[in-house]
Each structure stands twice: as structure tokens, then as C-alpha cells.
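Below are the chains, spelled out letter by letter.
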Amino acid sequence: MNESDYIEKTLSKVQQVEPSPYLFTRIEAKIQSITNSTVSIKKVFIGMALTCMLLALNFVASSSKHNTSNSTSLLDELNLNTSNQLYNE
Amino acid sequence: MSEHSDFYQLYIEHSKMVYNLCLNYLQNTEDAEEATQDVFIKVHEKIAGFRADASLKTWIYRITITHCFDIIKAKNRQKRFGFMQSLFGKYGKEEIPQKNFNHPGVELENKEAIQKLLELIQELPNNQKTALILKSMDGLPGKEIAQIMQLTEKALESLLSRAKQNLKLKIDQTKD
Chain B
1 MNESDYIEKT LSKVQQVEPS PYLFTRIEAK IQSITNSTVS IKKVFIGMAL
51 TCMLLALNFV ASSSKHNTSN STSLLDELNL NTSNQLYNE
Chain V
90 MSEHSDFYQL YIEHSKMVYN LCLNYLQNTE DAEEATQDVF IKVHEKIAGF
140 RADASLKTWI YRITITHCFD IIKAKNRQKR FGFMQSLFGK YGKEEIPQKN
190 FNHPGVELEN KEAIQKLLEL IQELPNNQKT ALILKSMDGL PGKEIAQIMQ
240 LTEKALESLL SRAKQNLKLK IDQTKD
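So the sequences go chain by chain: B and V. When you line the first sequence up against the working numbering, it's residues 1 to 89, in that order. When you line the second sequence up against the working numbering, it's residues 90 to 265, in that order.
Rather than coming from a laboratory, the hints here were simulated on the basis of the structure. Possibly wrong hints are sitting among the right ones.
Listed next, the in silico SDA-like pairs over lysine to any residue satisfying Cα-Cα at most 25 Å (straight line) [what the hints assert, rightly or not]:
| # | chain 1 | residue 1 | chain 2 | residue 2 |
| --- | --- | --- | --- | --- |
| 1 | V | K232 | B | Y6 |
| 2 | V | K164 | B | Y6 |
| 3 | B | K42 | V | G138 |
| 4 | V | K146 | B | I31 |
| 5 | V | K131 | B | S40 |
| 6 | V | K131 | B | T25 |
| 7 | V | K257 | B | D5 |
| 8 | B | K9 | V | L229 |
| 9 | V | K131 | B | L23 |
| 10 | B | K13 | V | K264 |
| 11 | V | K259 | B | S4 |
| 12 | B | K30 | V | K243 |
| 13 | B | K42 | V | I130 |
| 14 | B | K42 | V | I136 |
| 15 | B | K13 | V | Q211 |
| 16 | B | K9 | V | K259 |
| 17 | B | K30 | V | Q211 |
| 18 | V | K131 | B | V17 |
| 19 | B | K13 | V | L207 |
| 20 | V | K232 | B | Q32 |
| 21 | B | K13 | V | T263 |
| 22 | V | K243 | B | N2 |
| 23 | V | K131 | B | S33 |
| 24 | V | K131 | B | V44 |
| 25 | V | K205 | B | T10 |
| 26 | B | K9 | V | T263 |
| 27 | V | K162 | V | Q236 |
The calculated label-pair distances, taken between Cβ atoms and stated as ranges, are [said to hold, decoys possible]:
| # | chain 1 | residue 1 | chain 2 | residue 2 | range |
| --- | --- | --- | --- | --- | --- |
| 28 | B | E8 | V | E134 | 35 to 43 Å |
| 29 | B | N2 | V | K105 | 27 to 35 Å |
| 30 | V | S91 | B | A49 | 21 to 29 Å |
| 31 | B | I46 | V | K146 | 16 to 24 Å |
| 32 | B | S20 | V | E92 | 20 to 28 Å |
All C-beta atoms in this analysis are idealised placements derived from N, C-alpha and C, irrespective of residue type, glycine included.
So here's chain V without its partners, still in its complex pose (with noise of 0.2 Å):
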């Protein structure tokens, strides 16, 4: 089989579980597709030195996961920036954070509530919202959430029961 086809079948396999972690950290379509997109330009380029000491969809996941907190510090980095050049007012043009970012996944009836909860996890610290994304949106079983993030499953179990209690403080602060 040719080196395109055989890419062609791993992008066919792969690529809706990288766009649908892209858009759960994300949080925007534009720049999960773009993030897909370096995520398997990244793969062809790495597949060669790619050894089977993981399975093939927990190194593309941990490729997905470090390649969007790339994003995200690289964007939080730019609004820091954006603020000092809106301060020294040179350039002015800031690019405005994508609040009640509408979840293409997500029913109509369902949204607001959705909206709130996906808000609130942005807020959790990395390897928390990493947990809770891994295990209730891409429904993974702990065993391989575990392998992926690098920690035993009772590490894994205390770490999303820390998100879940530093989520539940965050939805009743915002009820308050």
C-alpha cells in the first residue's frame, strides 16, 4: 500500500476524534480545524520515528492534547501582548476572546446549560480539564485516559474527582 493511502486511512480513522478534542479545548471551529490540521501535519511528519510502545490513538491523542495547550498559551500570551500595545495604543486591534462559543455537538435545548458548564471548565487547571474532557465528552475508559496522561488509574480517579469538586464550587459560585 502506498505512503498516501496509507496516511488517507489514518487521517479517515483519527481525524474526528482530533477535530472533537480540538473543539472541546479550543472552543472555537476556526481554530480547531486549524489545530486538526497541524496535528496530522505533525503525525506525517513524525510517524517514521513513531514506536509501538503506545497504541497509535494514544500517541495522536497526546500529540492533540500538548498541540492545543500550545494554542491556548500562545493565545494567552498574545492577549497579554494585545493589552500592552492597546495601552501604548499603536496598534488598537485586539482580538476579542470567543465568549458563548455555540458547540457545533450541541442540541438547541441543551445549549445554555452546555455553554455555562464548558465556560467553567476552561477555567480548571490543565491536567483536570484534560481528565474530564478525556472521560465525559470523549467518553474514554479510565484505563486508557490513564496510559494517555502518563499516571496510574488511581491518580486518574482523585484527579477527576478534584475536577468534579473544583467544578461543582464553580457552579455555585456562579449561582450566588
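Same shape as in the complex, but just chain B (with noise of 0.2 Å):
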């Protein structure tokens, strides 16, 4: 016998074998697990508009002019000095 026939004869006598039987049992567990604990896509585009509506609000809120007229006026009612020079004659 040539050694080529003697590798397919040799490995042919390797015999199929059964997984265990709890084995579909142990992928029906994972397989809920993992679908349990991924987030819905409800939940995700509810999470990116609160988020986009969060970051909206800032910028909108950051970029308003400040109303500085009000305070100015103030100043020149109560006649106060706004200089930083404490002598001034």
C-alpha cells in the first residue's frame, strides 16, 4: 500500500461523532441572551433625538446675544463709575 492511499485509508476510519445532546439547549440560552440584551432601535432613535434636541438647545443658547443695554442704562442712573482708576481727580 502506497502512502497515499495508506493517509485516505487511515483517515477515513475516523467516525462521525454526536455533538451533546444539551448542545441546542446551550444555543437557544445564548441566543436569547443576546437578544435580551441588545437595545431596540426604538430605544436608540429616542436616545439620538433627546441628544440632538440637548445639544440643539445649548447651541442655541450660546450663541443668543447677550442684552447688555439694560446694565449700561443702570450704570448711568446710579452715576457709577465704571473705570478701574480709584484716584481719578
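Both chains are given apart, each in its own frame, so use the hints to dock them into the complex.
Structure, rendered in C-alpha cells:
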């Protein structure tokens, strides 16, 4: 018998075996745990929408101009000195 | 028919084939069961996107082979990393590679010869190993193997003869 036949013949003696009878139950349990742990698309969309809204509000709030006219009129009214020079003659 | 019973049917039809293929690649019963589990989870996830340009069996074979190679790669990486760890003496505990694997499908009288051959097959390049496992251990026809490996039948034949030549060389080396 040449070596090529020997390889074929020897390897063909390896019989097919059955996996554990509990394997399918384990697979099912794993699939179930994966399904339970994943977040639904609806929740992802709601989260994204809320984040966008929060960012938009922040942007609007920071970019709006402060109204400084009221503060200057108050200073004039009270005759307050806005200069840093304390010993002004 | 419900999705559950469809998946169960698919499992019944292909689990033996997947498990035995994993066993032949990984040479470890626990790893083979773990890999079979992972393969069926992948199949469950991807079955909706399965296009029938290949048969379901071919598709599952491809998933199994790719997954087994990923595991082997990860194990080799782990071994290298384990060596580094042992050098620095931080963790010390290294996974001992399982030699002398007792294949559950081998009778006692053939055990020694098959064990030697299986060890030598593990040393072959990946494509040669796949061709040899599918042909000689799974007993698939050449046409089906060519489809799984996405080769022409001629290319498969030359791959198989190279695999056998390499294996013969390795057998001769062990005899010396």
C-alpha cells in the first residue's frame, strides 16, 4: 500500500460523532440572552433625538447675544464709575 | 412553521457535520462544542441575509471553517502572549496545548496511527488542511469541496496532491 492510500485509508477510519444532546438548549439560551441584551432600534432613535435636541438648545443658548443695554442704563442712572482708576481727580 | 422549529430543523440537519468539522480542526472536544455553538449563533444571526447562490450546507461549511481558523489564530496569539507573560513572570499560568488528543470517533486499535496523522495534518498550510479534512475525513465529493473552497475542481485536485505530498514528507521525517 503506498502512502497516499495509507493516508486516505487511515483518515477514513475516523467516525463521525454526535455532539452533546444539551448543545441545542445551550445555543437557544445564548441566542435568548443576546436578544435580551440588545437595545431596540426605537430606543436608540429616541436617545439620539434627545441628544440632538439637547445639543441644539445648548447651541441656541450660547449663540444668542446678551442684552447689555439694560446694564449700561442702570450704571448711568446710579452714576457709577466703570473705570478701574480709583484715584481719579 | 415557526422560526424556532425552522432553526431546530436546521440544527438537526447540520449539527453533526459542524461539530465533526470543528473537532477535526480544533482537536479538542470542549473547543469543538464551543465552536459549534458559536457557528449556530452566527447562522441564526445571518440566516435572514442568506442568498441562495450557494447551498445552505456550503454556506454553513464556510462559516464553520472560517470560525475554526479564527479560533486557531486566537489560540496561537494567546500562546505567544502567554510566552511573553511567562517571560515577565506576571501571570505565569499558560494554557498547555492539548497533545495526544483522544478523538471520540477513533477506535482504540487505530488510535495511535490516526493520532499521529492528525497531529501532522495540523502542521499543513490552512488550504491544504481544509482540502484534506473535507475529502478524507468528511468524505465530501470534489465538486462540493471546490464550491466550499471557491476553487475549480482542477485547482482542488492539485491542492489535494500537494497536501498528500507534504503529509508524506512529514511522515517520513517522523520515521527518521
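Hint by hint, here is what the structure shows:
As the CA atoms of K232 of chain V and Y6 of chain B are separated by approximately 23 Å, the hinted pair is consistent with the 25 Å bound. Our distance criterion of 25 Å between C-alpha atoms is broken by K164 of chain V and Y6 of chain B, whose separation comes to about 31 Å. Taking the CA atoms of K42 of chain B and G138 of chain V, the gap is about 22 Å. The hint holds against a cut of 25 Å. The hinted pair formed by K146 of chain V and I31 of chain B meets the criterion: a straight-line CA distance of about 21 Å does not exceed 25 Å.
Using a Cα cut-off of 25 Å, the hinted pair K131 of chain V and S40 of chain B holds, with the two alpha carbons roughly 19 Å apart. At roughly 16 Å between alpha-carbon atoms, K131 of chain V and T25 of chain B fall within 25 Å of each other, so this suggested pair holds. In summary, the hint linking K257 of chain V to D5 of chain B is supported, as the alpha carbons are separated by about 11 Å, within the 25 Å threshold. The hinted pair formed by K9 of chain B and L229 of chain V meets the criterion: a straight-line CA distance of about 15 Å does not exceed 25 Å.
Taking the CA atoms of K131 of chain V and L23 of chain B, the gap is near 15 Å; set against the 25 Å cutoff, the hint holds. Between K13 of chain B and K264 of chain V the alpha-carbon distance is near 22 Å, which keeps this suggested pair within the 25 Å criterion. A distance of roughly 13 Å separates the Cα atoms of K259 of chain V and S4 of chain B; the hinted pair therefore holds under the 25 Å criterion. With a CA separation close to 41 Å, the supplied pair K30 of chain B and K243 of chain V exceeds the 25 Å bound.
About 24 Å separates the Cα atoms of K42 of chain B and I130 of chain V, which keeps this hinted pair within 25 Å; it holds. Restraint check: the Cα-Cα separation between K42 of chain B and I136 of chain V comes to about 23 Å, which is no more than 25 Å; the hinted pair holds. Under the criterion of a C-alpha separation no larger than 25 Å, the hint pairing K13 of chain B with Q211 of chain V is consistent with the structure, at around 18 Å. As the CA atoms of K9 of chain B and K259 of chain V are separated by approximately 17 Å, the hinted pair is consistent with the 25 Å bound.
Restraint check for K30 of chain B and Q211 of chain V: not satisfied, since their Cα atoms lie roughly 30 Å apart, outside the 25 Å limit. Between K131 of chain V and V17 of chain B the CA atoms are separated by roughly 22 Å; this keeps the pair inside 25 Å, and the hint holds. Proposed proximity of K13 of chain B and L207 of chain V is supported: the alpha carbons are some 12 Å apart, at most 25 Å. Between the alpha carbons of K232 of chain V and Q32 of chain B the distance comes to roughly 37 Å, so the proposed pair goes past 25 Å and is violated.
The hinted pair formed by K13 of chain B and T263 of chain V meets the criterion: a straight-line CA distance of about 21 Å does not exceed 25 Å. Proposed proximity of K243 of chain V and N2 of chain B is supported: the alpha carbons are some 23 Å apart, at most 25 Å. This hinted pair checks out: K131 of chain V and S33 of chain B have alpha carbons roughly 14 Å apart, not beyond 25 Å. In summary, the hint linking K131 of chain V to V44 of chain B is supported, as the alpha carbons are separated by about 23 Å, within the 25 Å threshold.
For the proposed pair K205 of chain V and T10 of chain B, the alpha carbon gap of about 11 Å is at most 25 Å, so the pair holds. Note on K9 of chain B and T263 of chain V: the hinted pairing holds, with a Cα-Cα distance of about 19 Å set against a maximum of 25 Å. A hinted pair counts as satisfied when its Cα atoms are at most 25 Å apart, and K162 of chain V with Q236 of chain V qualifies at roughly 24 Å. Checking the proposed 35 to 43 Å range against E8 of chain B and E134 of chain V shows it holds: the Cβ atoms sit about 37 Å from each other.
Taken as a hint, the range 27 to 35 Å holds for the pair N2 of chain B and K105 of chain V, whose Cβ atoms sit roughly 32 Å apart. The hint said 21 to 29 Å for the Cβ distance between S91 of chain V and A49 of chain B, and at roughly 35 Å that hint is violated. In this structure the hint that I46 of chain B and K146 of chain V lie 16 to 24 Å apart at CB is violated, the actual value being about 42 Å. The hint said 20 to 28 Å for the Cβ distance between S20 of chain B and E92 of chain V, and at roughly 23 Å that hint holds.
Of the numbered hints listed earlier, those contradicted by the structure are 2, 12, 17, 20, 30, 31.
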